[in-house]
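Participant: My request is simple: use the sequences and hints to build the entire structure.
Number of protein chains: 4
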Amino acid sequence: MMAAKKVAGVLGATGAVGQRFILLLADHPDFELKVLGASARSAGKKYEDAVNWKQTDLLPEFAKSLMVSECKPDDFKNCDVVFSGLDAEYAGPIEKAFCDAGLVVVSNAKNYRRESDVPLIVPIVNSDHLDIVSNKLAEAHAYGKPRPGFIVCISNCSTAGLVAPLKPLVDRFGPLEAVTTTTLQAISGAGFSPGVSGIDMLDNIVPYIGGEEDKIEWETKKILAPLNETRTTVNLLSGDELKVSAQCNRVAVSDGHTECISLKFKQRPAPSLQDVKQCLKDYVCEATKLGCHSAPKRAIHVLEQNDRPQPRLDRNRDNGYGVSVGRIREDPVLDFKMVVLSHNTIIGAAGAGILIAELLLAKNML
Amino acid sequence: MMAAKKVAGVLGATGAVGQRFILLLADHPDFELKVLGASARSAGKKYEDAVNWKQTDLLPEFAKSLMVSECKPDDFKNCDVVFSGLDAEYAGPIEKAFCDAGLVVVSNAKNYRRESDVPLIVPIVNSDHLDIVSNKLAEAHAYGKPRPGFIVCISNCSTAGLVAPLKPLVDRFGPLEAVTTTTLQAISGAGFSPGVSGIDMLDNIVPYIGGEEDKIEWETKKILAPLNETRTTVNLLSGDELKVSAQCNRVAVSDGHTECISLKFKQRPAPSLQDVKQCLKDYVCEATKLGCHSAPKRAIHVLEQNDRPQPRLDRNRDNGYGVSVGRIREDPVLDFKMVVLSHNTIIGAAGAGILIAELLLAKNML
Amino acid sequence: MMAAKKVAGVLGATGAVGQRFILLLADHPDFELKVLGASARSAGKKYEDAVNWKQTDLLPEFAKSLMVSECKPDDFKNCDVVFSGLDAEYAGPIEKAFCDAGLVVVSNAKNYRRESDVPLIVPIVNSDHLDIVSNKLAEAHAYGKPRPGFIVCISNCSTAGLVAPLKPLVDRFGPLEAVTTTTLQAISGAGFSPGVSGIDMLDNIVPYIGGEEDKIEWETKKILAPLNETRTTVNLLSGDELKVSAQCNRVAVSDGHTECISLKFKQRPAPSLQDVKQCLKDYVCEATKLGCHSAPKRAIHVLEQNDRPQPRLDRNRDNGYGVSVGRIREDPVLDFKMVVLSHNTIIGAAGAGILIAELLLAKNML
Amino acid sequence: MMAAKKVAGVLGATGAVGQRFILLLADHPDFELKVLGASARSAGKKYEDAVNWKQTDLLPEFAKSLMVSECKPDDFKNCDVVFSGLDAEYAGPIEKAFCDAGLVVVSNAKNYRRESDVPLIVPIVNSDHLDIVSNKLAEAHAYGKPRPGFIVCISNCSTAGLVAPLKPLVDRFGPLEAVTTTTLQAISGAGFSPGVSGIDMLDNIVPYIGGEEDKIEWETKKILAPLNETRTTVNLLSGDELKVSAQCNRVAVSDGHTECISLKFKQRPAPSLQDVKQCLKDYVCEATKLGCHSAPKRAIHVLEQNDRPQPRLDRNRDNGYGVSVGRIREDPVLDFKMVVLSHNTIIGAAGAGILIAELLLAKNML
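Protein chains in written order, with the UniProt record's numbering: chain U, 1 to 366; chain H, 1 to 366; chain D, 1 to 366; chain S, 1 to 366.
Derived by calculation from the structure, the hints in this document are not laboratory data.
Mixed in with the good hints, there may be bad ones.
No copy is singled out in the list; a pair is fine if it fits within one copy or between any two copies.
[Claimed, not checked] Distance condition first, Cα-Cα at most 27 Å in a straight line; then the derived DSSO-like pairs of lysine-lysine: (1) K297 to K5; (2) K5 to K145; (3) K289 to K46; (4) K167 to K110; (5) K46 to K363; (6) K215 to K264; (7) K289 to K45; (8) K110 to K363; (9) K64 to K54; (10) K72 to K297; (11) K136 to K243; (12) K72 to K221; (13) K277 to K34; (14) K243 to K266; (15) K45 to K64; (16) K243 to K77; (17) K264 to K221.
Facilitator: As structure tokens, then:
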């Protein structure tokens, strides 16, 4: 007998991330999307009348006539999980109110990413950080308290691609001394309104994305960090423990962030090139082991052709949940350099949220 | 009274670089282009019938009816300077024959760049390396020998942009320990036949350019190197003296290479951010001091807006002879990082050749 | 009980169209691809070693180790149908030899399109023209002759999009007096070698595609023509019966040809705008009625938003077998104008071939 | 002795069109730009502080420290001519107030284009329509009235390209029966805020530009129309006299509108193809005859290569004041078809304004 589907809601449903959540939840075997929340201006309308649908896939039938709610906990009280695609401008108090009301929020907003007891998750990388939540739930249960709400944060999109190859390397060869990344980021990461202007993306690149470099440099030190002894908070890595430097560029690509990264191990001598490649080829993420619906067959695809990965050709591996790594080679300055391609709206945003919820379900946290 | 113009020739005149040489020599105050050399297939035709002209500027009137010669020294014997836009496949023996015949060759080909007694010149950077030539000429003169031919090599296009800010920093703050660059290179660098394919440059980037990373890593160590005591050869920097690491990408930009670079000084403590910026702002290259016709007003433009330089907006500073540097900031891994934009067909190729010839003229070497 | 799959082959298997045939035949319920033919240079190699695979979908597993044959009928003698993606340069004698050997060829090449007894088919438009084949087969059968081979031609890609809305209009409102189309054609229509150059498709359009306008103007008069009385040849429309004018442009789009068309009916007064729209909305093509596997749910999607269809958003309707028509409005010069978008490699090339074969199967001609 | 320069002002100086006016007026031999008007929000600031400069040319020195005024006639009272780049939303009352105050306004806004006594001018096409103004000035003078203000309107950008080849043909071969144009329009025509979005211009075209088709269809009938007998108003052509049909698309091009046009003469038989080409080659516009500073050497460049004109290669002919016409050939539906390329921000907007003012000056109307 099949288990009943869990009830899902989406906050910020008319925005770029919200639209992706809706597409990914259409025909999902584990979740049934029943509540769509948006601004007061959209509330009360049918979703198809409220949204300016901008996806290449058509608006799914089931979503067309869903009535849009305001972003208030009461309207979502039957939801087992709520996906938040809210802008950072609004996400803070709304997500807190949802959490306080006992709801589970998987959020793409940046507002709570830096709280040490909020897991910041790239689901193919550090799903073990969800222990923070399971311990919180277990504690409440042990004390006979009602089941508490909680927030899990999705990482920044370019951080996701960066940490994907770093984690297996750290697991096998020990901590890193330094990491650099120069990103070539897709337009879809900037949302719709106003998004990136056409003239800026024609015969041009823009060597700046506001706040992005700081996010990468900070979030990497949380995602690669160990938990504390009781596994209830993250012991953030210091700048002395791990040096991270990012340079971010916007380029004329629709989907798929490319990153030219370099890294140096603490371990001397460093592992061999062959060992590094093999380590990445061997990697199997927990979501794959648990059989999560959206988990990639391979979390990391190691490409051997010298001109790959390329966004147009490789971004959709495993429906965008697989990260491609190519040109792994020695680096005259640090130890190794390589090119990483990740799908920014899938493993780097809404898709990560779905896979996080699947992990929560598989681990009995929903 | 004005000096008579020097007579110039162009080898590889129908190719991408050759076409640029012709444009840059039209109405030039110092040079008169009189001889065009191309393959046997083109020789004997009027230039306008031999060329598939692909520039946004029209084919200059003077060049239309010039008769195309074969690439043989005899046809160029009246030339004071010969600019070579030959493919590397053909450049080797032809340029050697020209040199042996006593001709002066300024070449964009890679064939002789690594000879220690051939100057490899970025004209806004290391014009002092032309001392190798002046000493050779002086020696021949001293011994009553006929004036020898010589070759001066133009650097690789992306190397030119990289070394532009490095040189003034090295001059003021001493040698560098390490340099990294991730390039976002324009299509025009790839020439015409076949060049980069349209489908590869649509919603895509290609994270590989054959041979390019090696060129940057090697040439930087020659251009930043000192000459020997007699100033007759270059004392190439070793990989221990300077570590250079390049990652090269082709992006959908017509002209203008963007590079995200990082650098570390040997000097500890490193100079301050303010000192670094001021040093770049203060830089005046020798070509500017000598009043060379094509010399930029400013060799380096330091931009303060956080989203600059951008290829579309900044590549044509000083007609493409000025390099733009922006986002100068501290780097958590090395000392400083910044974004450099240079016009790949001007300061990175044909334009550099013209300015080199102007330097040779100003220094009485033609 | 399921019928055994028909055996299929592909000619020109390493080219752009051949690669698409292979993708479309992977996991096809009716056909099993068993033979791949290419040039002598590729023959004898495993397909994965012979091909420079350039599709965004990965090379299907089944095809990797298929041994490449030369394009000779003997190697294809067990094929029920052979799809030809050969260049026109080679297709003529090869396809004729296959036909003479009793094989069924569905060809994307232009060589036999203008033969009056060779059906030129857009499968969602004029599948009734396949009567030419069924009558040929019936006649052979009646005379006790062996089952003859035959060729069916796929139309030019931009012709396919144009005739899609014209056919239902002609069927309901009678013949057209005049049709004009200005096309904005995708890069993928130009194949790989060399294809369209990157610099030509950056901040540019090319207002010319060799031979294309003539193909559209000619093929439209064949596809919209009636068969003769015995339904064995096409009675090509003359230039007096139907005036067709095309202006073709190449634009920076990967897939999907957009066409701005205008048309004038012979019938006076012309039908109303409302009637024209309704006619297109009502259209159901024969392939859909017959339940062919690849047939679109809707052959024509009439879009009401004023800024649609757009290639990025609409080209994949019904997996590229559905054509989108928008902005249907009155035209001050002819009667009506509208914008048509069709997927050039699906309904305009390889995909059309697959659907033609499905039609042949459904109509018992394989 | 040189005449003193006329004093010029610019309304809407911070917008896209205003910025172009400023660039075109820098170092202009006839005009000295002294007053810049913008919104109340910008007024009182130095121009360099008020503007978000988005041009590839640097902000001219002279304009940096000009103090921005509000758009009130008093601040412009010393101006001999005022160029208006105001948005249509604001242009109506402001331009009227300037005109009522006796000022000369050359406007890019659409507000007064359809007034029969306001000349709608493409300066290389219908400069004779300025007779409306000279007659108005003469009448005031005859009656001893003060010199009245007046407005001259610049046409819509895509209209300018269309009428450029039509006018000489009408002048030589008599009126046209019908004209069609399908446009492929550049991004710069849409201004900055918000302009066209990046994602819409990546691997895409948008087959709709709000209001554009109506503007082309209407304005063409005014620009090609004769004046009345007293040459004081335009006798607009009716839809029966001239049928015009436009289909407008936005494409990924920075500057330069391409139009695929067809036309039919009233005269039967139509002129020959050779006559049509020769007529366009022979055309010399009045601005060229009068020696206006910005007038193109050739108003119309007839290109013979079959793949031209192309925006990237041909848009800057005569600094953007020359229109390129290629692929002139017979049309199976109307009489002739051809491809027209015009620079939308020069001859189609700000540049046209400058040349109109030069014509006014040459004709003693300033």
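Participant: Hint by hint, note whether the structure agrees.
Facilitator: Now the hints, each set against the structure:
In the homo-oligomer, the alpha carbons of K297 and K5 lie at most 27 Å apart inside one protomer (23 Å), although the nearest pairing across protomers, at 30 Å, exceeds that limit. Taking CA atoms no more than 27 Å apart as the test, K5 paired with K145 passes inside one copy only; the shortest distance there is 26 Å, against 62 Å between copies. For a Cα distance limit of 27 Å, the shortest separation of K289 from K46 qualifies neither inside one copy, at 39 Å, nor across copies, at 34 Å. For the identical chains of this complex, K167 and K110 are intra-copy neighbours only, at 22 Å inside a copy versus 41 Å across copies, given an alpha-carbon limit of 27 Å.
In this assembly of identical chains, the alpha carbons of K46 and K363 never lie at most 27 Å apart, being 35 Å within a copy and 45 Å across copies at closest. Taking the shortest alpha-carbon separations for K215 and K264, both the intra-copy value of 20 Å and the inter-copy value of 23 Å come in at or below 27 Å. In this assembly of identical chains, the alpha carbons of K289 and K45 never lie at most 27 Å apart, being 42 Å within a copy and 37 Å across copies at closest. With identical chains, the CA atoms of K110 and K363 are at most 27 Å apart within one copy only, with a shortest distance of 24 Å there and 59 Å across copies.
When the C-alpha separation of K64 and K54 is checked against a cutoff of 27 Å, the pair qualifies only within one copy, where the shortest distance is 14 Å, while the shortest distance between copies is 37 Å. When the C-alpha separation of K72 and K297 is checked against a cutoff of 27 Å, the pair qualifies neither within a copy, at 37 Å, nor between copies, at 40 Å. For the homomeric pair K136 and K243, neither the shortest alpha-carbon distance inside one copy (31 Å) nor that between copies (49 Å) is at most 27 Å. For a Cα distance limit of 27 Å, the shortest separation of K72 from K221 qualifies neither inside one copy, at 33 Å, nor across copies, at 57 Å.
Taking CA atoms no more than 27 Å apart as the test, K277 paired with K34 passes in neither setting, with 44 Å inside one copy and 35 Å between copies. In the homo-oligomer, the alpha carbons of K243 and K266 lie at most 27 Å apart both inside one protomer (11 Å) and across protomers (19 Å), since each shortest distance falls under that limit. With identical chains, the CA atoms of K45 and K64 are at most 27 Å apart within one copy only, with a shortest distance of 10 Å there and 49 Å across copies. Taking the closest pair of Cα atoms, K243 and K77 never come within 27 Å of each other, the shortest separation being 43 Å inside a single copy and 59 Å across copies.
Taking the closest pair of Cα atoms, K264 and K221 come within 27 Å of each other both inside a single copy (15 Å) and across two copies (23 Å).
Checked against the numbered hints above, the structure violates hints 3, 5, 7, 10, 11, 12, 13, 16; every other hint is satisfied.
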